[in-house]
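2 protein chains.
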Amino acid sequence: MRWLLALAALAQPVAARLLAEAAEKELEAEEEEVLVHYAIAIGVSLLGVTFVVGHVMEVYGVTWMPEAAVGVLTGLVAAGLCKATGQTHLLADERFDFEFFMTFLLPPIIFEAGFNLQVTPFVRNLAPTAFFAFIGTFLSTFVVGGLVYLAGQSGLCYPMGALASLTFGSLISATDPVTVIAVFNKIGVKVDLFSMVFGESVLNDAVAIVLSKTLLLFTTQEITQGSVLTASLLFVKIFAGSIAIGVAAGLLSSYVFKKLKTKEEAQNHHEHFTMEAALSFVFPWVAYFIAEALELSGLVAILICGMVMATYTRYNLSEKGAILTMRAYKAVAAIAETFVFVYLGMAMVSFPILSHTSSLNLLVFGLLACFVGRLHIPIGSALTNCFRGPGSSLPPISLAYQFIMWWSGLRGGVAFALAAKIYSDNNFPAKCGGGAELAGCDPNNAMNDSEAILQTTMLIAALTIFVFGGSITFLALKANVMETASGGGAKSDASIVNKELEENSQVMLQCDKNAFLLRLLTHETSYKQAAEDAKALEEEAFPSESHPGSSKGSRRPSKTSIELTSPPYTSTAGKATGQTFKGWLGGKLSTTTPPLN
Amino acid sequence: MRWLLALAALAQPVAARLLAEAAEKELEAEEEEVLVHYAIAIGVSLLGVTFVVGHVMEVYGVTWMPEAAVGVLTGLVAAGLCKATGQTHLLADERFDFEFFMTFLLPPIIFEAGFNLQVTPFVRNLAPTAFFAFIGTFLSTFVVGGLVYLAGQSGLCYPMGALASLTFGSLISATDPVTVIAVFNKIGVKVDLFSMVFGESVLNDAVAIVLSKTLLLFTTQEITQGSVLTASLLFVKIFAGSIAIGVAAGLLSSYVFKKLKTKEEAQNHHEHFTMEAALSFVFPWVAYFIAEALELSGLVAILICGMVMATYTRYNLSEKGAILTMRAYKAVAAIAETFVFVYLGMAMVSFPILSHTSSLNLLVFGLLACFVGRLHIPIGSALTNCFRGPGSSLPPISLAYQFIMWWSGLRGGVAFALAAKIYSDNNFPAKCGGGAELAGCDPNNAMNDSEAILQTTMLIAALTIFVFGGSITFLALKANVMETASGGGAKSDASIVNKELEENSQVMLQCDKNAFLLRLLTHETSYKQAAEDAKALEEEAFPSESHPGSSKGSRRPSKTSIELTSPPYTSTAGKATGQTFKGWLGGKLSTTTPPLN
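Chains as they are written, first to last, in the UniProt record's numbering: chain A, 1 to 597; chain B, 1 to 597.
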C-alpha cells in the first residue's frame, strides 16, 4: 500500500479536496479492500497458470521460452484482459510496488540462492565476480549513460538529460539475479560459470541501488569533490557493513542450532524439524531488515547469511530439518520468482509505457549501449586470466564463458523496481532532457525523462528475458558450457563429486586453517568430511529434480552407496508388489544401489 | 500499513495541517521506512527467542507454560523494554493490525490445520461441532452480552452500553483456533476431542466475525424485523458460499495435479517436488481471497480447501512432494502462529489498555460470563449423546471430554483482532455506556466502551492462554483424554491405526459410495486403500515430531514394516560406523523395524 501513499504525496495537495476525501475515506477503504482481495486472487491464480504452463513446456522439452518468459507473458495477457474489459481499478492494484518487491519478493529469492549455492566455486571465482560487479557496473554506468546521452544529443533518439542518462545507465547496468537464477538454474550450466554470472548479478544489484541513489542525490545537490568522496565512502561502508551483518547472523544461527542439539535428538527419534525450519527463517530475515534499517544493503546481508548458514548451520540441523529447509526455501523462492515475472508482465500494461511512442527509438540505443557496456566482461576476464596461468590451480576463463556472460546480461526486477521508483517520485520532470526540439522531440507532446527511463528499462527487461533467456539454452549447448550428464544447475554430477570434494575442502581450509571455526560452530572435525556430508545431503534433498535428462538415479549420493554395502534387500523390497506404496518405497531404496557412473 | 490510513482517517481532518504535512510527507516516509525495518527485525528476532525458549522448555518437559504463553511473554517484555527506553515510535509500528493478521497470519495457520487434519474424525463429529460453533456461539453471545450488561447496570462493574455488551459477547464467544492448535497439538489429546475443539474454534471465528459485523451495523441503523432477517440470510449465504469456494478450489487442485502426472514422473526419477509445493500454494490462497473479495469467510474457504486437498490432492503428489508440502506448511504455520502470540504480547503494551483502571472490574464479570456462556458445551453434548446410544457406532461424548471442552475456551488472535478494529474505528464512543455515574463510573475520567472492550478482550485472551493453556496438560492427563502412548496431536498411535483405517474408509464411502469422485480425481481405486496410503504418508512425514514421550520409533507406519519383511540389512547399515551419516541413515532404516506395540 506504500505506493498509494507515494502517489498521494505526488498529487497536488489541494486542501479542499483532501477535506472532502477524508469523509469518503472509510467507504472507499472498504471498496478498496474488496479490490485488493480480487487483485491478490488474480495474481495468485496467474502464478498457478505459470507453474502449470512452465511444467508442461519443460516436460515437452521446450527450451526457446524460459519459464520466466511464461510468467511475463501470463501477466501481460491477464493485465491486457483487465484493461480491455475496463477493469482499470483492478489493474491499479497490480502495479509494481518497489517496497513490496524489496520486502517480500527479493529476500527469499536471494536467501535461497545463497543457501543452496555451492560456496566453493563462488569463493574460487570471487576475484573476477567482484571485478564484474563493482568495477564492471561502474564502468557500464558511465558507458551506457554516456552513449545514451550522446545519441540523444546527436539527434539519433529521444534526448535524455545528462544526469537522467547516467541514472538510467546505473540501473540498467545491474543484471538481475532473479532472471539469472530462473534461466541458468533450469538449464544447468557449469558451476563456475553459474557462480560468476549469479554472483555478479547479486552484487551488482547492490551497486546499482547505491549508485542510482547517489546519482539521484545530485538532482537536488551540487556535484562537488566532497560529495563524490562521500558517495565513495558510503559505498565501502554499505558493502562492509552488510557483509558483517550477514556473517554475524549466519554464525549466530550456527551456534544457536549447535546448542539446541536438535541433530542429536533426532538420532534418538525426537524430531524437531518443524521448529528447525521455522527458526532457520529468523536469522536471515533479521539480517536483512537490520541491514535495511541501517540503510545498508539487505540483499548482500541475506545472501552472505545464506552462504554462512549453508557452510556451518546446515551441519547442526537434523537430516530431516536440513532437507526440509533446502526444499522449502526452494519452493518459496520459486513462488517469489514467478511472482516477480508475472508482476513484471502486468506492469507492462498497468504503467503507461506505450502511451508515448516518440521515445521508442531510445530502446534501440539503450540496448546497443548495454551490449557495449558489458564489454567489461572480456576486460575483467583478460585480467583474471593473467593470474590463471599454467601454474594456477584454476583454469582461465574461456572465450565460451566470456561470450555467455556477455550475452546473458539479463535485466529484470531490480532494474525495473528502481525505474518504477524514479517514475513515481518523478525525479526527472524535464521533457526531452530539458533541451527542446532535439531529435524531433516535441516538449508539448513527449514524455518526460522519468517516463522515458521507465519505458526503456521495462522494454529492455522484457527483451532480455525473452530473447536472451530464450536463446541461452541453445547457445550454452553450442558453447559446450553445460554440466556433463545434464546434471542440475549449481549442482554437479556424481561423477565429479569426489574431485570437487577435494577442492571444496581446500578452499575452506585456506580461510580457516585449523578448522577452528568449524569445530566451534558444528560437530564436524574436518572440512573434507564436512564437504562430503554436505554433498550427500544436497544430493539427498534434490535427487534429480527438474532435469529430465538425468535419470536412473545416477545422481544419488555417493555416501549412501558406501554404507549400504548389501544390496540384495532392495530387490526384496522392490518385489513386494500389490501395494500402492511399492513404487515409492521401492524407488527410494533402489535408487541407492546402482553403481555410480 | 493499512492501519496508518485508518488512523489518519480517525484524526480530525484539519485542512491546514494536512497541507503542511503533505510537504513533510516524503521525509517522514523515509524515516518511517527505517522504523518499519527495525520493527520487523525486532519482531522476527522475538520469534527466534520464542522458538528457542519454547524448545528448551519442551526438552525439559515444562508443561505449565505453553509455547503460546512464551510468545506472549516475549512480546510483552520486548514491548515493555521499548516503552521503558522511550522508543514509542518503534512501538507504534508493532501495533496489532487487523488486515495484516487476516491477510498474512491467519490463512497459513488455518490452511495447515485443514491440510494436516484427520478428516474422518472431523466429519464423524461434525454434528456436535456445528452445534457448538453455530448455536453455541449464538447462545454465548447473548448470555455473555446479557450478563455483562446486567452486571454493569446493577452497579457491579463498568456499565457498558447494551449494543456494546452484545458486540463484546459476540467477539469473546469465539474460541481461538491458533491457541487451540498451539496448545492442543503440542500435548496430544485424543483425536475426537481435538477435532471437536478445533472444529468449533475455526467455525465459530467465522460466526463471531459475521455476528459482530452485523451487530456493528446497528450502531448506525435501526433494529427492525427486516434487518434481523437479512442478517440471518447473510449468515447462511456466507457459510454456504465459503464452503462451495473451498470445495471447488480443492477439487480443481486435485484434478490439475492428476493431469500433471508428477507422481508418475517421480517414479521414473523425474522429480518436480519444488513445483508441486509451489503450485499447491496457489489453490487455497485463491480460494481465501476470492471468498474475502465476495465478502464471505476466507477462513472457512481455506479450511475446507485444505481438507479437500488432504483427501484428494495429496494422492496426486509425488511422495517427496506430499511430504514436503505437509512439513513446509507446518513450518510456515508455526512461524505465523508464534508471530500471533508475540504480536499479542506486544499489543498489550502498545495499546493503552492499562491507562484506565476503572473498568478492570469488568474483567472479572467478563470472565465469569464466558464460563457461563460456554455451558452450551454440556447442552450440545447431551443432545449429541441422545443420538449416540448403544446402537450407534460412535461413543457418546464423555463428561471428561465435556469438561475439557468447557475449560478450554481459549481466546486469542481473532477476538483480539476484532476488538482492535472496534477500538480503532471507535464504534462505541460513549463513556460509561452512555448512562452516567453508574457503578462509580465517572464520564470525565473513564475510558469509553470501545476501549473497555479492547481492554477486557485483551486481558481475557492473555488469561486464558496463560491459565487455561498452562493447566490443560495437567487436566488432560487427569481426565485421561490423552492419546495412548502419548502419540501426537491430531495423529493417532500405530496401535490403533488399523481400526482407524477401517473407520476412515467407512466415513468416506458414505459420501461417495462408488468412489466415483476418488477415481475421477486421483489414481486410487478404493477409499480403504487411500486411507491406508494417507496414514503411511502422514507417519512418514511426521515420524514422532515434538513428542518427547513417544520414542523408540513406535509410531512408524505399519505399512513400511509390512513391506520390509527382511530386517537383517538394518543391522548391517547400523553397524557401518565411523561415518557421520551413519546415525541418520541408520536411524532412518532401523525405525522401520521394531515391532509395533
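Source of the hints: derived by calculation from the structure; they are not laboratory data.
Treat the numbers as computed from the prediction; the structure is a model and nothing was measured.
All residues carry an ideal CB built from backbone N, CA and C; glycine is no exception.
There could be a bad hint or two in this list.
[What the hints assert, rightly or not] So these bits of chain A aren't anywhere near chain B, every CB distance computed over 10 Å:
(1) His55
(2) Trp64
(3) Thr230
[Unchecked claim] Computed list of lysine to any residue pairs in SDA-like fashion (alpha-carbon distance at most 20 Å, straight line):
(4) B:Lys259 <-> A:Val53
(5) B:Lys259 <-> A:Leu233
(6) A:Lys261 <-> B:Val52
(7) B:Lys261 <-> A:Gly241
(8) A:Lys213 <-> A:Val53
(9) A:Lys213 <-> A:Ser227
Inset, instruction - Provide an ascending list of the numbers of those earlier hints which the structure does not satisfy. - result: 1, 5, 7 and 8
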